[in-house]
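There are 4 protein chains.
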Amino acid sequence: MRSISLRPRFSETDALGHINNTAVAVWFEAGRMEYIDDLLAAIHGGARSWVMATQTLDYIAENFFGSEVRVDVAITKVGTSSFSVACRMYQNDKLTVRASAVLVFIDMNTKKSAPMPGDMRAVLTSELEPDWES
Amino acid sequence: MRSISLRPRFSETDALGHINNTAVAVWFEAGRMEYIDDLLAAIHGGARSWVMATQTLDYIAENFFGSEVRVDVAITKVGTSSFSVACRMYQNDKLTVRASAVLVFIDMNTKKSAPMPGDMRAVLTSELEPDWES
Amino acid sequence: MRSISLRPRFSETDALGHINNTAVAVWFEAGRMEYIDDLLAAIHGGARSWVMATQTLDYIAENFFGSEVRVDVAITKVGTSSFSVACRMYQNDKLTVRASAVLVFIDMNTKKSAPMPGDMRAVLTSELEPDWES
Amino acid sequence: MRSISLRPRFSETDALGHINNTAVAVWFEAGRMEYIDDLLAAIHGGARSWVMATQTLDYIAENFFGSEVRVDVAITKVGTSSFSVACRMYQNDKLTVRASAVLVFIDMNTKKSAPMPGDMRAVLTSELEPDWES
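Residue numbers (this note's numbering), protein chains in the order written: chain S, 1 to 134; chain X, 1 to 134; chain U, 1 to 134; chain C, 1 to 134.
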């Protein structure tokens with residue numbers, strides 16, 4: 001599991017006075033990339049070999065400009081050619097967002113999905129937190 | 001059902017050479033707002049009385065800069081204080097994204113969810129396309 | 001000169017209730033790319049061979065969600081390895097933004113700026129509107 | 001003067017493989033808001049009373065995903081109803097961007113520009129670094 005902290009940007013607010021729903025997808029990507037890139041940096045180009053198959057974002061409470069947001073990301077499932085991540089965001093210790101996504105491994109030569117290499121699968125599996133699933 | 005057309009922006013591409021997953025959430029909002037704002041413009045402030053409870057984005061094929069994207073949006077369910085929308089995106093006639101969301105009616109005085117007014121419910125119900133559900 | 005029309009997106013508003021200043025940079029890019037890509041599509045990869053050296057954005061009046069914005073772009077100067085563009089944006093026929101930028105030609109092999117090819121220079125020069133300079 | 005550090009987000013890259021020019025405007029706002037909001041938090045609503053009149057962004061070198069960016073912001077001029085900020089960004093200790101902007105004080109009741117209150121002017125003036133001007 002990995003926890004990052006980020007500051008909402010004023011451009012991420014919208015005319016309703018809170019953080020726009022689309023900014024949350026950007027924060028989820030930020031947390032996910034930092035975690036996965038670090039895990040896999042030494043193997044096969046890090047997070048760049050993955051494309052998103054699906055993501056779900058549950059908005060539990062509003063986020064606002066002016067306070068940091070904690071983004072926790074965990075790996076909840078590792079398959080043959082894909083893995084799943086779950087995410088929880090907090091602002092002022094209040095849960096504001098739950099999210100999940102499935103990422104598919106892409107062979108950069110064929111540009112198609114493919115079974116992931118064994119060393120990559122081993123690293124991801126060592127991080128597995130199945131109880132974390134939303 | 002409503003269909004809008006939009007041009008991907010170069011800033012929406014990412015270093016993988018395609019449209020970034022987060023831009024798709026922006027396009028979904030653009031289609032949804034145009035549809036709902038037009039439907040409800042004369043009633044209770046249009047789409048501004050709604051906040052997103054949840055959204056799911058399924059990435060079926062890549063989108064690229066350089067060709068228009070068609071965004072089709074339909075209302076698939078109308079509840080007491082919320083409704084559901086479904087969305088399909090096409091680029092060069094190829095289905096690239098399926099998405100869905102639940103939007104909750106907010107009473108702008110109390111800032112809390114509330115049963116939606118009867119005239120609003122009637123307009124949304126008249127647009128219902130339950131078969132459209134992904 | 002080229003004129004495009006675009007719909008502000010709700011995610012481009014901010015908590016002050018108007019379009020955020022950073023969205024205007026995205027609109028300027030959208031107008032510029034559409035113009036330059038079309039002009040140069042058949043030559044040397046279109047707008048992709050250019051990087052921005054500098055841009056200035058003058059905010060004359062607020063833009064709002066809900067009405068289309070017209071983005072006019074013109075080429076005001078053509079140099080040896082760069083050219084200048086100017087831009088004016090209008091919402092409901094009111095001038096809201098003036099902008100300008102200098103774009104530098106990059107040789108995609110060396111990744112460095114270089115004199116632009118003669119046919120590219122000829123196309124850009126044929127579009128010159130020096131009086132348009134802000 | 002204030003220095004903040006931020007991590008580029010993957011969604012801020014573009015198909016040229018580097019950070020898109022429009023993301024730099026977002027970073028400039030992030031640095032500016034953090035500085036000005038902190039300075040003026042106790043006075044008249046902080047940075048929210050300001051709108052941008054003009055900004056210039058000079059792109060000196062590319063920024064990339066994967067390394068933090070340092071954003072330095074300074075106040076270079078204080079007028080009757082406006083002030084000027086300058087900004088320098090660095091990635092891996094290399095200067096990548098210089099920027100400047102003029103912000104105008106808005107009376108939130110009349111929604112028009114107005115002379116700024118004396119205590120606000122005093123705080124901004126105490127931070128003046130005229131030599132910092134680009």
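Source of the hints: derived by calculation from the structure; they are not laboratory data. Small disclaimer: the values here were computed from a predicted structure and weren't measured. Any given hint could turn out to be false.
Same chains, same label: a pair holds when it works inside one copy or across any pair of copies.
[To be verified] In silico DSS-like pairs for lysine-lysine, Cα to Cα no more than 25 Å straight-line: (1) 94 <-> 111; (2) 77 <-> 112; (3) 94 <-> 112; (4) 111 <-> 77.
Self-check item: Violating hint indices (sorted, rising)
Solution: none
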